[in-house]
Every structure is written in C-alpha cells, then in structure tokens.
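Trainee: Protein chains in written order, with our numbering: chain G, 1 to 429; chain L, 1 to 269.
Incorrect hints may have been included.
Some chain L residues flagged as far from chain G (calculated, every beta-carbon gap over 10 Å) [claimed, not checked]:
id, residue
1, G56
2, S143
3, S185
Some chain L residues close to chain G (C-beta under 8 Å, calculated; not the full set) [as the list claims (entries may be wrong)]:
id, residue
4, Y64
5, P93
6, I247
Keep in mind the hints are simulated off the structure, nothing from the lab.
The beta carbon of each residue, even a glycine, is placed where N, CA and C say it ideally should be.
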Amino acid sequence: MLETAFEFFSFTEPNVRTVTLGTVLLGIGAAVVGSFTYLRKRALVGDAVSHAILPGVALAFMITGEREPLYLLVGALLAGWISLLSIDGIVNYSKLKTDTAIALILSVFFGFGILLLTAIQQQGTGTQAGLDSFLFGKAAGMTTKEVHFFGWVSAALIGIVVLFFNVFRLVSFNREFAISLGLPVRFIEFIMATITVLAITTGIQAVGVVLMAALLITPAAAARPFTNRLEWMIVIAAAIGAVGGLVGSFVSYTHPQMPTGPWIVVVLSVFAVGSLLFAPNRGVVASIRRRYQNQRKIRTENLLKAFYQLYESGATSAITKETLQAHRNFQSRERAKGLKELLQRGCLTKESHQYALTEKGLEEGKRIVRLHRLWEVYLTERMRMQADHIHPQAETMEHIITPEIEAQLIKELNTPQKDPHNSDIPYTQ
Amino acid sequence: MSEQENTSIEVHNLTVSYHRKPVLWDIDFQLPKGKLIGIVGPNGSGKTTMLKTIMGLMKPDSGYVDIFGQPLDKVRERVSYVPQRESVDWDFPADVMDVVLMGRYRKDNIFKRISKEDKKIATEALQRVNMLEFAHRQISQLSGGQQQRVFIARSLAQQADLYLMDEPFVGVDAATEESILRLLSDMRENGKTVIIVHHDLQTAYEYFDHIVLLNTRLVACGPKEKVFTKELLQEAYGGKLTVLSKIGDLIAKEVFPVREPEYKEDKKL
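Generate coordinates for the entire structure from the input sequences, incorporating the hints supplied.
Mentor: Here it is, written out as structure tokens:
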C-alpha cells in the first residue's frame with residue numbers, strides 16, 4: 001500500500017501525471033463554479049441537473065456510437081439546459097412549487113437516463129465499456145484525450161468566473177438591483193447556468209452523476225465559514241475541490257475496480273464536517289467555547305456582586321466562605337472555581353480563609369450592581385413591569401449589558417439615583 | 001417652465017398583474033421634478049408593484065411609464081433604485097464597500113473594473129450616510145438601520161437625478177430615520193427628485209411634498225395639502241372595492257386577458 005502511494009505521489013508515470021492533473025482541475029472548476037451555485041441557493045437545482053444530464057450523455061453515445069468527449073459534452077449540455085428550463089417552466093406555468101419541480105425533473109430525467117444506459121449495455125457494442133462509470137465516476141477510466149479535453153474545459157470555466165466575477169457577485173447578491181442598472185441580467189444568468197452545466201459535465205468524469213452535487217456544493221459550503229470575503233471563499237473552495245480531485249485519482253490508480261465518486265465525496269465531507277466543527281465564530285467548537293466563557297463570566301460576576309452587597313449592608317472588609325454562602329446560595333464547586341479565578345485576576349485578596357475585595361474588585365462589583373439596578377429602573381419605567389417581576393430578568397441582563405448600552409441607559413433614564421426597591425444605584429465618581 | 005419640462009415621471013394607463021391578478025388598475029399620473037414624493041396606501045395596495053413597474057422589474061399589461069420624457073432604457077443612468085432591505089440575503093460574503101461600489105456599474109459594461117474614481121465616489125457616499133467607519137465591516141454584522149444606510153449610500157454612488165426607494169424607513173431606529181430625512185432634503189435642495197414607497201400615514205404628511213395615494217387604483221395624486229383630505233384618505237383606507245377585487249379574481253381564475261389585443265396597439269399614441 002505504502003509502496004503504491006509512493007509510486008503514485010512521485011508522479012513518475014506520465015499517465016498518472018496527466019490523470020491527476022486533469023482530475024484536480026475538474027475539482028477546482030466544479031468548486032469555483034459551485035461557489036456561485038451555493039450563494040444563489042441553487043444547490044438542489046445543481047443536484048437535479050447533475051442527474052438530468054445522464055440521458056444526454058447516453059443519447060449522445062447512442063447516436064454517434066462512440067465515446068467522444070465533445071459529443072458527450074454537447075449531449076450533456078443540451079440535457080442540462082432542458083432540465084433547467086423545465087424546472088423554471090413548471091414553476092412559472094403550473095401550480096407546483098419549486099421543490100416539487102426539482103424532485104420531478106431529477107427523477108424523470110435520471111430514470112430515463114438509466115433506461116437508455118441499460119439499452120446500450122444490452123446492445124453490447126463493446127465500446128460502451130466505461131459508460132456505467134458515469135454513474136459513480138472513474139477518474140482513471142478517462143482516456144488521455146478526455147483528460148486533456150475536460151482539463152481545458154475546467155480551465156476555461158475558471159477563466160470565465162474570473163472575467164465575470166464582479167457581475168456574478170452583483171447578480172447573486174441583488175438581482176433586482178442589477179436589472180435596475182440595465183445590466184443584461186438574463187444573459188449573465190444564462191452564462192452562470194451554462195458554466196454550471198459544463199462544470200457538472202466535466203466533474204462527472206471523476207465523481208459520476210449521482211454524487212456530482214457534492215463536488216459542486218460541498219467545497220463552497222465548507223469554505224464559507226472560514227472567510228467573509230467572496231474571493232477567499234472561492235480560493236478555499238478551489239483548494240478543497242483540488243484535494244477531492246487528487247484523492248479521486250489516487251484511489252482510482254490504486255484500486256482500479258473501485259468507483260472514485262464515493263471516495264471523493266467522503267473526503268469532501270470530512271472538510272465540510274471539519275468546517276462545521278472548527279470554523280472560527282460560526283463553528284460548533286467556537287460556540288461551545290463562547291458558552292463556557294459566558295458561564296465563567298456569570299460565575300465571577302455573581303460572586304463580585306455578592307461581595308459588594310455584603311459591603312453595602314455594612315459587613316467588615318473581610319468575608320468568609322460561610323458569610324458569602326449565607327448571603328447567596330452558591331454551588332460549592334462553582335464558588336470555589338469563581339473565587340480562585342478572582343484571586344488570580346487580582347479582584348480579591350485572601351488571608352486565612354477571609355476574603356476581601358481589592359480596589360479593582362470593588363469597582364467591578366459596583367458595576368454589576370449598578371447594571372442590575374439600572375435595568376430594574378428601565379423595566380419599571382419603560383416596560384411598565386411590576387416591582388415584584390423585575391428582579392429575575394435583571395439577574396441575567398446585568399451580565400449582558402455592554403458599556404455602550406449602559407451609557408445609553410443612564411442617559412435615557414436621566415442618571416437615576418434609586419432603583420424601584422429603593423436601593424442606591426452606585427456610580428463611579 | 002412648461003409642464004412637460006417639469007415632469008420627472010409620467011405614468012400612463014398602467015395596469016399591472018401579479019400572478020395574473022391585476023393589482024394596479026389604469027393608473028395615470030404625472031410627478032414633478034425636485035420634490036420629495038411619497039407613494040402611500042394601505043397594505044397590499046400595489047405600492048411596491050408601482051415602483052417595480054416604473055423600474056422595469058415588472059411588465060405591465062397595459063400602459064407605459066416615461067421618465068424625463070423618455071423610456072427608462074434611455075435614461076437609466078439618471079435613475080437609481082433602492083429595493084426593500086429584506087429583499088437580499090445579508091449573510092452574503094461581502095463588506096460595506098463592496099455593496100456601495102455596486103452602484104458604480106453601468107449597463108453594457110459587464111467587465112467593469114473598479115477605478116480609483118469609483119472608490120472616491122463610494123467613500124463620499126458612505127460619508128454622507130455616516131457609515132464611513134463601517135466601510136470594511138461585514139454586511140452580516142450590520143443593524144437594520146445600518147443596512148438601510150448602506151443601500152442608500154449605494155444609491156448615492158450612482159449619482160442619479162431620480163431616486164426610487166422602497167420602504168427606506170422600515171426597521172430603522174429614530175436616529176437613522178432623522179439622518180435619512182436630512183439627507184433626503186439635502187438631495188431635494190440639489191434638485192434631485194426622490195420617490196419613496198411609505199406605508200406609515202402618520203409620518204407621510206410630515207416627510208413629503210407631494211403624495212400619490214394608492215389603493216389598487218389611483219385615489220389621488222398632488223401636493224400633500226390637496227391629497228390629505230379626510231374624504232380622500234377614507235377612500236384609500238376604507239377597504240378595497242369589493243366588485244373590483246372580485247373581477248380581479250375572476251380574471252386570474254378564468255385566464256381572461258386583462259386587455260384585449262386591439263387596445264394595446266394604440267397605447268403609444
């Protein structure tokens with residue numbers, strides 16, 4: 001296994017080199033074009049079109065009797081176009097909704113394609129060997145001629161996206177505005193649809209029609225959370241598509257009897273799941289971390305507030321765990337964690353089991369109490385809530401209110417001195 | 001100035017259908033130049049449809065619209081359109097500057113590259129709506145009021161003479177509303193015409209000079225003092241004309257044409 005991997009990645013064999021370069025290009029082309037499919041929320045349409053080009057490919061073969069890439073491309077393009085027009089036609093001229101139209105076109109076209117494929121196989125013309133690789137893909141099954149042809153098509157697709165980048169973005173973001181500018185939106189959409197069908201047609205060489213949508217959409221979906229710039233999103237998607245292509249040709253080379261599509265899809269899915277988990281800000285891990293930080297914030301702020309309130313009610317500056325517990329029922333583990341953190345942050349000092357607030361801790365505690373009481377004033381004055389209802393909400397809001405909102409509250413409420421329970425609102429002089 | 005020269009938009013005999021059902025019936029009006037004009041009416045009265053038809057986004061069943069005495073296509077560069085804020089996905093990967101620069105595109109120039117001059121114009125536009133500090137902020141991180149100001153900045157970057165805005169005051173905080181209003185009256189001082197779809201009757205009288213009162217048919221069009229009478233407002237807001245809407249339903253259901261073909265022939269006379 002290791003040996004074959006080494007053999008493959010050394011790229012000494014010219015055939016390996018060509019096939020790999022070709023599939024990598026297919027992966028990049030599909031990912032680049034698919035970025036716009038993804039942003040225009042046409043992922044499902046992309047899936048339907050992928051399935052729908054099968055009868056086009058089969059018919060092209062039946063009519064010409066040979067597996068010539070150009071004929072296959074023309075057949076696929078026509079079938080793809082007819083399927084797109086049919087979806088639009090059904091939506092515009094019948095009572096059926098978009099999802100129904102997509103499902104209908106996908107299954108009808110694909111079913112017809114399978115029918116034709118079976119007919120071809122029963123004729124047993126011999127050259128049809130390899131036509132079934134259109135279902136699940138076979139990167140190494142491509143002839144050198146096909147690799148060159150589809151490689152160049154992919155390169156052309158990438159070129160078109162670069163050339164039309166600005167208008168593609170404009171139409172994808174705000175179609176009506178583009179029309180109002182007088183831009184030829186229909187023409188631009190025609191180009192977008194055409195390059196999508198072309199990307200699908202080239203991509204199926206590696207992945208097959210059944211799983212083609214993954215090569216089109218997954219790279220873009222995986223790339224989106226990592227950046228907010230469209231240019232970078234496309235570059236990242238292209239890189240993921242390239243890895244998909246590389247894996248596809250590797251598997252195809254080492255296990256010639258295995259379809260490559262599923263392998264490519266598995267690899268792309270690893271990227272998608274990874275992005276779902278680890279993307280900055282949007283990822284699951286980031287949001288768990290944020291929740292954890294909030295918990296920590298609430299824990300320490302509640303302790304600081306308790307200390308401040310104890311001082312307020314005349315406690316001497318040194319406070320034990322027991323006094324703290326008598327004031328508010330903390331969970332002992334939470335309390336221990338919070339006290340430890342506050343000591344580290346220099347908000348508390350500790351001397352033989354007695355805690356005292358430092359200057360910094362005092363200010364912090366004062367701030368929390370101030371926010372709590374300000375919010376209570378806001379609730380009674382602005383939302384007309386009864387005094388016995390306001391406390392629980394203020395318990396939460398005191399941890400959320402930012403300095404800007406605090407300033408706004410103070411301004412809007414005219415620097416109130418007392419809260420609705422008649423406690424002083426402590427300000428920093 | 002003659003009446004012709006002083007007209008920004010002329011709407012003639014306009015009937016427009018949505019899903020085959022007419023939502024605007026034979027609308028006919030002329031709007032002056034250099035004014036703030038409100039298109040006002042209850043929910044579902046066809047205000048947005050009116051604006052979209054003027055902008056060529058919807059095809060009328062009958063009638064036509066002239067802008068500065070010409071069809072829209074001849075004067076596109078003098079007209080700017082601000083769609084409803086909710087009509088786009090604000091999670092799109094773009095920053096504020098990207099969106100404002102979209103106002104610099106012109107028809108027949110699909111390979112346009114952004115120039116320094118375009119950037120300068122976009123920067124000035126952002127300054128005018130007080131959003132310059134947000135130029136490189138992600139649009140997904142903007143508040144509703146900020147999104148609206150980005151759309152208005154994009155419109156300003158078009159440097160047009162006529163501005164059509166669809167509900168620019170919806171979901172906007174009081175401070176933004178005030179600053180948009182100040183900007184609009186500045187634009188009027190500079191001789192621009194601004195037409196605004198607005199659903200709030202309370203503020204309409206205060207904001208606009210001229211008002212189009214709409215409820216699937218034209219109720220009134222003129223200076224606000226003349227339009228804001230008790231009778232006309234009651235007519236516009238006192239519910240739909242039941243016979244008219246029954247006819248509309250019938251047209252949609254029975255696949256009747258809204259106009260007979262012969263009638264369409266002489267529309268441009």
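Trainee: Please go over all the hints and tell whether each is borne out by the structure.
Mentor: So, going through the hints one by one against the coordinates:
1. G56: violated, 7 Å
2. S143: holds, 12 Å
3. S185: holds, 24 Å
4. Y64: Violated: closest Cβ of chain G sits about 17 Å from Y64 (chain L), beyond 8 Å.
5. P93: With a minimum Cβ separation of about 5 Å from chain G (threshold 8 Å), the hint on P93 (chain L) holds.
6. I247: Since chain G brings no Cβ nearer than about 22 Å to I247 (chain L), farther than 8 Å, the hint is violated.
The structure fails to meet hints 1, 4 and 6 from the earlier list, while all remaining hints are met.
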